[in-house]
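**Student:** Produce the entire structure from the sequences given, and follow the hints as far as they go.
Under the numbering used here, the first residue of the sequence shown is numbered 1, with each subsequent residue one higher.
In case anyone wonders, no lab produced these hints; they're calculated from the structure.
Derived lysine-lysine pairs resembling BS3-like cross-links, with alpha carbons at most 30 angstroms apart:
| id | residue 1 | residue 2 |
| --- | --- | --- |
| 1 | LYS159 | LYS21 |
| 2 | LYS167 | LYS137 |
| 3 | LYS82 | LYS112 |
| 4 | LYS167 | LYS153 |
Simulated restraints, written as ranges between beta carbons of each label pair:
| id | residue 1 | residue 2 | range |
| --- | --- | --- | --- |
| 5 | GLU303 | THR83 | 54 to 60 angstroms |
| 6 | LYS137 | ASN221 | 49 to 55 angstroms |
| 7 | GLU227 | ASN52 | 19 to 25 angstroms |
Note that CB positions come from ideal geometry on N, CA and C, so glycine has one too.
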Amino acid sequence: MQVPVKAAQILAEADDEIKGKRILEITLDMQTDAEYFQPGDTIGILPNNNINDVQLLLKHMHLTDNIENIFQLQISAKCIKKTAKLPTYIPNRCTPYRLLRDCLSIHAIPKKQFLNVLASCCEDNDERAFLSSLSSKEGSSYYNELILERGLKLIDLLKLCPSCKPKLELLIEHLPRLLPRPYSIANMPIANDIKVIFSILSEKPGVTTNMLNNLAAPLLNAAVPSELPKITMYARQPNQFRFTSQEANERNHILIGVGTALAPFLGFLELKKQELANATFTTLGDTWLFAGAINETHLPHRERILAYEKSGVLQRYFENFSRLPSASYHYVQEQLLAHASEFVEFLMQENTVLYICADGGSISKSIEKSIVECLVQVKRITPDEASQELKLFKGNGKYREDLWL
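**Tutor:** Structural data, given as structure tokens:
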């Protein structure tokens with residue numbers, strides 16, 4: 001569905017000195033569809049490639065005068081692969097402009113096979129030799145340095161090799177699909193509004209975050225735009241990370257998140273505040289929150305979280321700041337170990353559920369390792385036994401994760 005972006009707010013500005021990213025919150029006007037959502041749910045946002053990059057590619061490929069010409073995909077008569085199929089993510093009848101804007105990931109990391117094909121598209125011998133060396137076994141160190149470490153993408157390579165003129169069919173064959181990006185709902189959906197929080201890199205931002213940042217720009221100005229910008233999105237399938245009124249009533253909760261990964265927990269706490277105000281239940285479960293950020297400014301809605309602690313929505317609140325020298329704790333992992341005894345005691349209560357929102361790489365693994373260490377330290381069991389216990393928790397829904405890449 002297409003949804004208007006009705007408001008935008010800067011939660012934190014970029015800070016190059018401490019490598020702090022800009023953090024934005026946008027509000028989507030769901031009209032009548034917000035009732036479907038609960039805190040903990042996620043939506044998928046379909047990105048568009050940056051228009052300037054698309055136009056640059058079209059110009060380089062001499063397609064500026066043909067951007068709206070309709071082409072039809074077919075399997076080449078020369079294709080010898082028996083299982084060859086047309087990509088389902090490209091319309092059967094498409095235009096060069098739509099192809100590069102909506103369908104192909106033009107900023108994907110170029111694979112060696114693609115580099116070899118690009119080399120064959122060069123008229124200049126030196127440029128052909130350069131791309132061939134990057135794709136060769138002998139040139140692996142150069143590939144690692146230029147492509148993997150410095151992050152050169154297709155557009156960068158075409159600037160370095162202006163005689164390279166690939167055709168559209170080569171891009172369709174070798175570039176991956178432009179994938180949707182999942183985002184957690186950062187509020188208790190009311191009045192048909194859904195909020196999304198994201199951070200953006202100062203240099204080489206992600207495709208989706210760059211698009212959202214550009215869409216938010218006119219809403220951050222004092223003047224109201226004549227027409228609200230829109231995004232294309234869909235509702236993702238709910239899972240056990242969904243937080244409901246019944247969940248708030250029947251269970252205790254330990255919430256762990258760092259930076260923008262705190263987004264779903266803002267919705268959790270908003271729902272719990274609402275239940276307390278409405279006196280829907282006579283008792284609610286206790287909630288502990290472990291929150292991390294680089295400093296106080298970059299912890300989303302910190303003042304609201306502190307107010308939740310003061311009003312009794314949060315029973316315990318632990319915060320840590322990785323780049324604040326005066327902070328008592330710099331990482332969530334340190335804080336967990338410092339409070340290992342009470343953490344494990346609360347975790348082991350039958351009705352306590354642990355929620356972790358983090359990246360699916362180093363952060364989530366490091367948090368899990370710290371929880372294992374807490375169990376080993378407090379219960380006096382082996383690391384293998386602690387890991388098996390967490391595996392059991394994941395299986396029965398006591399340990400719930402919302403992981404992203």
